[in-house]
Each structure stands twice: as structure tokens, then as C-alpha cells.
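Assemble the whole structure, with the sequences as input and the hints as a guide.
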Amino acid sequence: MDHIYETYDVAVIGAGHAGCEAALASARLGMNTIVFVVSTDSIALMPCNPNVGGTSKGHLVRELDALGGEMGKNIDRTFIQSKMLNVSKGPAVHSLRAQADKQEYSRSMRRVLENQERLTVKQAEVSDILVEDGHVTGVRTFSGGVYPCRAAVICTGTYLNARCVYGDTYTYTGPNGLPAANHLTDCLKKLGIEIYRFKTGTPARIDKRSIDFSKMEEQYGDERIVPFSFENTEESVKREQALCWLTYTNETTHDIIRKNIDRSPLYSGNIKGTGPRYCPSIEDKVMKFPDKDRHQVFIEPEGNYTNEMYISGMSTSLPEDVQVAMYRSVPGLENAKIVRNAYAIEYDCLNPMQLKPSLELKAIGGLFSAGQMNGSSGYEEAAAQGIIAGINAARLLKGLDPLILDRSQAYIGVLIDDLCTKETHEPYRMMTSRAEYRLILRQDNADLRLTEIGHDIGLIDDERYERFCLKKKQIEDEIKRLKSTMIGGKAAIQEFLVSHDSAPLKTAVSLGDLITRPEFDYYSVADIDPGRPELPREVCEQVEIELKYEGYITKQLQQIEAFKKTESKMIPENLDYDDVPSLRIEARQKLKTIRPVNIGQASRISGVSPADLSVLLVYMSKFANKN
Amino acid sequence: MKNDTICAIATGATNAGISIIRISGEDAFTVADRIFVAKKTGKKLADRKTHTLTYGNIVSDNEIVDEVLVSVMRAPNSYTAENVAEINCHGGYAVTKKILELCIKAGARLAEPGEFTKRAFLNGRMDLSQAEAVIDLINASNEDAVKNSVAQLSGKLRNKVVALREKILKDTAYIEAALDDPEHMDLTGFTDELSVHVNEEMSEIKDLLSGFENGRLIQNGIRTVILGKPNAGKSTLLNALTGTHRAIVTDIPGTTRDILEEIIVIDGITLNIVDTAGIHDTEDVVEKIGVEKAVDEIENADLCLFVADASRALDDDDRNIIRLLDGKKAVVLLNKSDLSPVLTSDDLKKACNREVISISAKDETGIDIFVEEIKKLFGFGKLGKKEDFYISKLRHKELLENALLSLKEVLKSIDLGMSEDFFSIDLMNAYTSLGSIIGEEIGDDLADKIFKEFCMGK
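Protein sequences appear in the order of chains Z and H. Under my numbering, the first residue of the first sequence is numbered 2, with each subsequent residue one higher. Under my numbering, the first residue of the second sequence is numbered 11, with each subsequent residue one higher.
Careful: at least some of the hints might be erroneous.
[Stated by the list, open to error] Okay, the calculated bits of chain Z under chain H, using three or more residues with CB under 8 Å as the criterion:
{"#": "1", "stretch": "83-96"}
{"#": "2", "stretch": "431-441"}
[What the hints assert, rightly or not] In the DSBU-like style, the derived pairs of lysine-lysine whose C-alpha atoms are separated by at most 35 Å in a straight line are:
{"#": "3", "chain 1": "Z", "residue 1": "K593", "chain 2": "Z", "residue 2": "K484"}
{"#": "4", "chain 1": "Z", "residue 1": "K481", "chain 2": "H", "residue 2": "K422"}
{"#": "5", "chain 1": "H", "residue 1": "K108", "chain 2": "Z", "residue 2": "K423"}
{"#": "6", "chain 1": "H", "residue 1": "K108", "chain 2": "Z", "residue 2": "K565"}
[What the hints assert, rightly or not] One-sided excerpt, in silico: chain H residues whose CB lies under 10 Å from chain Z:
{"#": "7", "residue": "E122"}
{"#": "8", "residue": "H194"}
{"#": "9", "residue": "S423"}
None of these hints come from the bench; they were simulated from the model. Quick caveat, the model's predicted, so the values are computed rather than measured. Where a beta carbon is used, it is the ideal one built from N, C-alpha and C, also for glycine.
Now the structure itself:
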């Protein structure tokens with residue numbers, strides 16, 4: 002029997018990293034919101050690696066924070082080690098990564114959800130999404146509770162029809178033995194939504210007391226910590242940091258794997274789902290890269306509350322006995338006691354090409370989807386989609402245009418555009434190489450790119466916005482000052498240059514020009530810059546980057562301008578591709594399925610040629626004239 | 011979808027009395043002004059009223075290329091409804107193409123097939139009933155373009171481009187893999203390796219470009235200057251060339267300069283002999299036009315023929331010429347080798363550090379050997395001849411030049427000590443340019459390559 006309960010504006014299904022952001026954004030934007038979770042203990046659960054951030058994922062988190070998301074603040078509250086990766090490289094690829102105390106992370110996020118105004122947390126499995134006239138009207142739980150709502154966001158992660166496997170041991174559960182959600186898929190299929198089956202995996206957790214760390218290399222965090230959230234400072238997040246360790250597999254490990262490869266469900270054909278190439282299992286690494294005689298293994302704490310250690314780099318679905326032998330062949334793990342076995346997990350997700358760039362399903366009004374449900378992998382990718390889906394659900398109900406970030410604005414834009422436009426055959430992971438304009442999309446300037454938007458939307462409060470405006474002004478003023486401060490060939494200046502192995506000046510140049518010389522930076526010309534004001538570190542950092550890489554940045558900005566032109570050529574929503582003459586069949590089919598929003602998006606669809614685009618453009622102007 | 015400035019030859023790609031190069035787009039006049047100098051007035055085209063004709067010269071490196079009329083049509087009153095400049099030049103194939111190349115160098119992009127018409131339509135210059143026809147046109151042109159870029163491309167060239175792309179992609183993927191997975195992969199020392207690779211790739215692209223240059227020479231003739239001291243036998247040689255072989259001798263009165271060219275076709279190759287009048291009259295280019303002018307002529311020539319006299323010892327005149335040949339494609343001929351030589355082949359070889367071909371212009375011996383030598387110099391026989399895929403060739407040339415430029419940028423970044431992530435921007439640009447030659451887009455090549463080649467992730 003159905004029971005009809007109170008009405009909500011927005012229902013969020015799932016409270017993982019996508020669900021939390023979606024629910025918080027929706028509630029913070031004034032929507033009466035309910036979030037369903039299979040277990041309240043699994044809110045913001047980190048079922049796999051104990052990190053937030055990493056290359057390009059760190060960018061996502063900082064962007065999320067600039068828009069007013071929670072993940073950055075939450076990891077700042079709960080990290081136990083922090084590291085900026087790629088610091089020897091250019092600023093575009095610097096990436097922040099933190100080790101989380103998993104339990105603290107989850108608890109802290111749970112507190113945020115529970116204390117959020119207008120947000121209700123409900124432990125229940127949603128089995129049906131109710132749709133009338135192509136629009137969401139409510140959700141029904143497995144126990145028959147009906148919650149009428151005007152919009153819903155699916156954030157079911159890896160729970161839909163989940164199945165965990167190692168060797169020939171199967172359990173029909175979600176991650177960490179949590180109950181799977183076994184009914185929603187049927188409902189979605191009935192609604193005409195195309196479902197994919199993906200897989201991913203996780204390594205074993207090992208008891209810290211059984212590990213011999215003397216055989217491993219210690220891995221420290223950074224001395225100077227850069228917080229994820231632009232609201233925090235180095236000082237406000239300072240704390241004692243935990244250690245990680247590095248060890249390696251060897252030929253013995255590889256022999257064990259090769260001998261038992263037929264017992265891996267990945268190789269025996271028992272796993273049908275498509276796994277991510279980025280996070281290969283150790284058996285994949287060994288089989289696909291036979292020339293590598295060793296692979297790195299990082300030993301990372303799951304948190305301060307537990308002795309469990311995460312064995313990063315050795316995810317597997319081999320049977321238990323092989324797992325034990327395999328892990329114990331690694332130096333330092335000879336006596337390892339496995340607390341939790343490694344496993345692979347298969348789950349249902351949807352074909353993300355069914356989504357609009359707002360993350361609303363094309364076919365069903367008011368129904369949004371975010372996170373691993375959309376075929377992505379990773380906590381950060383999930384959270385980034387979650388906030389966009391939450392924002393857009395709220396905006397839809399308010400009658401506002403959706404927030405769509407484009408590829409030149411944010412990694413979030415690249416992520417969503419790739420998901421909606423390119424065919425995905427494996428869990429999608431963010432990478433810096435996927436961003437065409439990465440020199441502009443840096444983690445250090447995420448606030449400069451997105452705070453304004455976050456404020457306009459209503460997720461960034463005035464106080465934070467004013468602080469941001471001040472920072473922006475300080476940066477602009479300082480750059481202007483450096484560019485207009487001319488230095489001449491005075492003896493003191495020339496001496497300074499010579500002492501820094503720099504060519505003496507022939508004519509007067511600005512301090513800004515001098516900074517572009519490879520041997521100088523903003524800080525090193527301080528001695529010949531008496532008028533320099535006292536500025537916060539993050540202001541100096543921006544000034545330095547903007548000046549130092551000006552030539553490259555200008556080049557990218559020109560590319561962005563060209564890109565924006567095609568992005569602004571909107572394709573009418575009611576355009577019927579069958580009416581467009583001369584499109585090639587493949588292009589017509591792809592265009593019909595994906596229904597790109599603009600010509601730019603159309604140009605990124607594989608199988609749509611420049612000629613097809615010309616045909617489309619010609620047809621569009623005819624179409625526009627007709628209407 | 012792009013409103014950049016485009017250019018193309020608006021008349022057919024054959025030798026005609028007059029050819030028109032059309033430039034369309036916002037910067038059409040700026041582009042034209044970069045290569046055009048109005049006679050007398052010196053006025054800029056950008057300052058001219060719409061629908062006017064301006065008389066002047068197309069100039070490249072201070073040298074006059076052609077004497078032309080340029081029409082100025084301002085938006086929206088033009089064929090494309092954009093700013094349009096049309097250069098009416100003297101229809102020679104070579105001259106027309108040269109002007110087109112100059113337009114591209116000056117900032118215009120070579121128009122895609124049908125692009126003027128497409129713009130005309132998109133800018134509302136055509137009525138709707140013509141829309142379908144435009145689509146057909148675009149499609150048809152596109153098929154041509156595909157044929158040109160894919161089918162007409164010789165397998166050899168295609169394979170070379172594919173191989174180049176593969177090399178570039180591999181290095182980029184290596185960098186990107188390491189950037190995405192810094193804890194597993196180290197880029198230490200990779201820059202040195204990369205710079206070796208990039209240099210190799212650049213020299214391969216330069217080879218390809220010179221191949222196109224040779225193709226141009228096949229079609230349009232080799233600008234040839236004959237050098238030698240008085241009485242060395244230059245005119246005898248010329249007569250031998252024009253006499254024994256079926257020769258087409260056409261006097262083309264230079265439209266922009268007072269030099270005459272004589273065109274000789276020997277065994278499938280065309281020589282445009284420069285200043286033959288001078289040779290006939292005084293038998294001495296250097297003497298007649300002065301060393302300075304000779305330097306210019308040699309500079310502009312594709313080929314120099316140096317005729318030395320075996321009956322006389324090497325003198326200062328010869329040595330002057332030998333100096334001028336430095337860095338040029340040249341064939342050294344030892345004439346009068348039938349007589350007992352005062353100057354031997356070996357001596358001459360030593361003096362000019364080049365192969366020497368002994369001929370007798372009078373008896374017409376050795377001529378075939380020297381024709382073979384010319385073919386070898388220009389790599390003829392390696393390339394297909396006379397096929398009219400001229401536009402796509404120019405497109406390819408442009409793309410190859412873009413790729414070369416991008417690779418130069420990589421080297422520049424390396425020199426500046428930039429970090430590796432900066433290299434991949436230009437590496438991928440080079441990859442894209444090369445891809446356009448063979449009609450391939452990037453898609454997910456890079457991500458696929460990263461995953462295929464490198465063991466990524468934890």
C-alpha cells in the first residue's frame with residue numbers, strides 16, 4: 002500500500018558525494034529538499050581510496066568550492082595529510098590532494114546535511130520515480146512511501162543492481178557490504194532510459210600492526226598547506242599530518258597473478274561490466290604491461306580512528322587465497338593480515354548522452370542525474386556534477402535558465418560536456434589533458450573564474466564575495482603597477498641584473514617585462530621595486546602567474562574567443578534533423594540522439610564532419626528565417 | 011561559423027589572361043594592404059570608398075610581384091556581404107598562386123571549397139530558394155575536398171603524415187601520462203629526448219614542404235639563370251637546348267619588370283630561362299646587368315646553370331660566380347670539354363665543390379646527363395606530375411607550415427626552460443594540423459594513447 006507523505010520541491014536519491022552536493026545546493030537555494038540514503042551511516046562515504054583531489058580532480062574540488070559547494074570545506078576539516086602534486090611543473094597542472102580521515106569526512110558531511118535548513122534526510126530505498134506527462138511528480142520508496150516532488154536528482158552511485166565479486170565469491174551488495182538498490186533500474190528502463198553496466202574495484206585493507214614499514218619509503222605531506230576551500234587559510238587548516246608509505250610489487254607478485262589469472266572474474270568472463278582504464282586492477286597492470294617488472298604500491302591510512310590501511314595500486318578481484326599470497330609477496334607486507342578483501346563491483350548507470358548539459362534528462366522534465374550514475378568515476382567528478390544538478394533543479398523550479406559552464410570556464414564544464422557529448426564506454430575520469438584551455442583553468446584561479454557565478458546563483462554570500470572582489474582588485478592593481486613601473490639603465494639596476502646572470506638593459510623596461518625573463522619572478526625583483534605594497538600570498542601568486550605566462554595565456558585566450566563563437570551558435574531545441582537535407586546518415590543519427598545545444602557541441606560529436614556542420618548551419622539560418 | 015578572413019582564387023586554376031584573387035572577411039582590406047602598394051597615391055585600400063578600383067603593385071620583400079587592379083567592396087554590399095577585396099592580376103598560374111600565398115601569409119586563411127557561397131548565404135545575400143543548391147554545393151565541394159585530401163594524396167605522403175602524427179602523439183601522451191600520474195611517472199631528462207624528436211619531426215616536415223615546392227616547379231617551371239664569363243658558351247648552350255629539343259619558346263613581356271623569360275620544355279621539365287635577351291646580346295649576365303643585379307637574379311632563381319670554359323684557366327670572373335652560387339641549387343657545366351682542356355673537370359670540381367658535368371654545347375653532347383642532374387636536384391620522378399590538385403596542395407602546404415610553426419614553438423618553450431605541460435599545447439596543435447591533411451580529427455586520441463601506452467593510476 003502506498004502512503005502519501007509531505008511534498009518537497011526536490012528529491013535527491015542518494016547521499017554520496019554527488020547527492021550531498023545536490024541536496025545542499027538545492028536546499029541552500031531555497032528549495033524544500035529531501036535526500037534519500039540507503040543508510041545514514043553511508044552519507045558521503047568513501048568506499049574506495051581515502052583521498053580527495055589529485056591531478057585534475059583537485060581542480061574540480063576548488064571549482065566546486067568557488068561555486069559554493071561543500072566538498073572543499075569538508076576535506077579541509079577532515080584531512081590528515083595534504084600535498085600539492087606536480088609543483089615542479091607549470092601552474093596549470095599543480096593539483097591538490099589530501100588524505101582524508103574517512104570516518105571524519107563522512108560524519109562531518111552528515112552534520113552539515115543534518116543542520117542544513119530546508120533539508121530532510123531520510124533512510125529509504127527509492128524504487129520508483131513517478132512521472133506524469135513527461136515530468137517528475139514524485140518518488141516512491143520500496144516500503145511504499147510516496148513523496149510528491151517537482152524535481153528529482155538521481156545520485157545512486159554504484160548501488161544500482163550492485164554486485165561485488167572476488168574469485169567466485171559474489172555478493173549482491175553495494176560497496177562496503179551496504180544494501181544494493183535493486184528496483185530503481187527497472188523503473189528507469191520502463192521510463193525508456195538506456196542503462197549501461199560498468200565496473201570498478203577496490204584493493205584490500207590491511208591491519209597496520211601487521212605491516213613492516215621499515216621496508217617502505219615514507220611519504221610526507223607538504224609543510225605549507227594550501228587549503229581546498231578559498232574560505233580557509235594556510236593557518237586555519239594547519240595540523241599534525243599522517244604518514245603514507247611506498248613499496249613495490251615484484252616478479253614474485255606478478256608470477257602469482259599470472260598463474261591464477263584464470264581465477265580472476267575479469268579474465269574468466271564472469272564480469273561483464275566495463276572497467277576504467279585509469280584505475281586498472283593489478284591483474285590488468287600485470288597482463289597488459291608485461292615489461293614492467295614492478296608497480297608502485299602506496300600504503301595509506303583510512304583514518305586516525307582505525308588501523309586499516311588502504312593498499313593503493315593493488316585493486317583486484319582475484320580469489321581470497323590468491324589475494325593473501327599476492328599481497329604477502331610485497332616487501333613490508335610479508336605478514337599482512339587482510340581486514341577486508343579486495344573486490345570488483347558492477348553497477349548500473351545510464352548512458353549520459355541522454356542528458357542535457359544542465360544534467361536534466363532530455364526525455365523527462367525535472368529529472369536530473371549526477372555522479373557515477375552518469376558513467377563517471379571518482380568522488381570529485383561526482384560532487385562536481387552533484388552541485389550542478391542541484392543548482393539546476395532549483396533553477397528549473399524557479400523558472401531560471403540552467404547553469405551551464407563551458408569548456409573554457411571550468412573543468413566541471415569539460416567533464417559535463419564530455420559526458421553528454423562523447424560516447425563513454427568506461428567510467429569517465431577527469432584528466433588535465435582533457436581540458437583544451439588548461440592554462441586558464443588552473444586550480445589557483447578557480448575562485449577568480451567562478452566566485453562571481455557562485456554569488457549570482459546565490460551560493461556564495463556577500464561577505465565572501467566582497468573578500469573576493471578585494472582580492473581581484475589587488476591583483477589587477479598590482480599587475481597594472483608592475484607594467485607601468487619603468488626601470489632604466491641606472492647603475493644599481495644593471496648591477497642587480499648582472500648579479501642575477503641577466504642581460505643588462507639597453508632601454509627602459511617595466512618591472513612586468515623583467516618578470517617575464519626566465520631568470521626572474523615576482524619575488525626576485527623585489528629588491529629593485531621599492532614601491533611594492535604588502536600583499537597577501539595568494540595575490541602575489543596570481544600576479545606572478547599572470548605576468549610570467551602572459552604570452553601563453555594570451556594565446557589560450559585567443560583560442561577561447563574562437564571557441565566561444567561556435568558555442569554561441571545555438572541549435573533550436575525543436576529542430577528536426579530528419580528535415581535537414583544532405584546530412585550523412587551517421588551524423589544524422591548521432592545528432593538525433595545527442596541533440597547538441599550549440600554548433601560547438603555538435604562539432605565535438607565523433608562522426609559529425611565539418612561538412613555536416615556546414616549543412617546544419619545553412620539549414621539553421623533557413624529555419625531561423627522561416628520562424 | 012567562423013568570420014575570419016578567407017581568400018581563394020576566384021577564377022579557374024588555369025592559365026588565363028586575367029585571374030582574380032578574392033579576399034573576404036572583416037580584415038579583407040587590412041590583409042590586402044599588407045601586400046599591395048597603390049601607385050602614385052600610395053593610398054591604403056582600407057581608406058578607399060566602396061566599389062572603387064585601385065591601381066598598384068603586389069609587393070613581396072620589396073620586389074614587385076605583379077601589377078594589379080584591386081576592387082574594394084564594403085560590407086554588406088558585396089558577394090559575401092562582408093568586406094571584399096578582389097585582386098585582378100595577370101593570369102599566369104605562378105603569379106596568381108604567388109599572390110594567393112602572399113594573402114595567406116598576410117593573415118587570410120585559404121577558403122574551404124564553397125565557403126564564399128556559404129558565407130553569402132549565411133549573411134543573407136541569397137534568397138531561400140537557393141538554400142538547397144548551396145547545400146548541394148557544399149556537399150559536392152566537400153567530397154572534392156575529401157578526395158583531394160585523402161584519395162589524391164599519394165600513399166607515401168599519407169604514410170609519412172601518419173607516422174609523424176604517431177611520433178608526436180607518443181611524446182605528448184608520455185608527458186600527459188606523467189602529469190596525470192606524477193607519482194608513477196617521472197619526466198626527468200625527457201626534455202632532451204623530446205627536443206631531438208621535435209627536430210627530427212621538423213626536418214621531416216621541411217622535406218615534405220620542399221616536396222611541394224618541387225611539385226610547384228614541375229607545374230610552373232624552374233626559374234633558371236645561366237651564368238658564365240663571356241664566350242663560355244652560354245648562348246650556344248641555349249641554342250642547343252632550344253634547337254634539338256622540341257621547344258616552346260614564348261616571350262612573355264614582363265608586366266612588372268623589364269626582364270624577359272624564355273620557356274623551354276625538356277623531357278617533361280620546364281625551365282623558365284631568365285634574361286635570355288641579356289645572354290644573347292652580351293653573353294654575360296654579370297657584365298650586362300652588374301654584379302648587384304646578378305645577385306638578385308640568382309637569389310630569385312630556383313636553379314643556376316654555371317657554364318665554365320674548359321679552354322681557359324679559371325679566373326676571377328669564374329670565382330665570382332662560384333661565390334654567388336653558394337647555397338643555391340646549381341649545375342656546373344664544363345663546356346668545350348671536347349677540346350684539349352686547360353681547365354680540367356677535377357680542378358673545377360675542387361674550385362666549386364660541386365659535381366661537374368662535361369658537355370659540348372656545340373656538339374650537343376652531355377646535355378642528357380645534365381638534364382638528368384636537374385631532375386635529381388629537384389627530386390622529380392618521386393612526385394606525381396601534372397595532377398591538378400593544386401588547391402588542396404596549397405591547403406596541405408599551409409597545414410604543414412602550421413605544424414612546423416607549432417613545433418618551433420615547442421623548441422622555443424624548451425629553450426625558455428618552460429615546464430613540460432607547456433610543450434603539449436603546441437605538440438597537440440602540430441598534431442591537429444597534420445591531422446587535417448589526412449582528414450582526421452583528434453577525438454580521444456590522446457586519452458586512448460595514454461591508457462594504451464602507459465600503466466596509469468593506482
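Hint check results:
Counting residues of the stretch 83-96 of chain Z whose CB lies closer than 8 Å to any CB of chain H gives 7, so the stated coverage by that chain holds, three being the minimum. Counting residues of the stretch 431-441 of chain Z whose C-beta sits closer than 8 Å to any C-beta of chain H gives 6, which meets the bar of three, so the coverage hint holds. For the hint linking Z:K593 to Z:K484, the alpha-carbon distance of about 51 Å lies beyond 35 Å, and the restraint is violated. About 27 Å separates the Cα atoms of Z:K481 and H:K422, which keeps this hinted pair within 35 Å; it holds.
Of the supplied pair hints, the one linking H:K108 and Z:K423 is violated, its CA atoms being roughly 42 Å apart against a limit of 35 Å. Restraint check: the Cα-Cα separation between H:K108 and Z:K565 comes to about 34 Å, which is no more than 35 Å; the hinted pair holds. The interface hint given for H:E122 holds, since its Cβ lies 8 Å from the closest Cβ of chain Z, which is under the 10 Å cut-off. Interface restraint check for H:H194: the shortest CB-CB distance to chain Z comes to about 6 Å, inside 10 Å, so the restraint holds.
About 8 Å separates the beta-carbon of H:S423 from the nearest beta-carbon of chain Z, less than 10 Å, and the hint is met.
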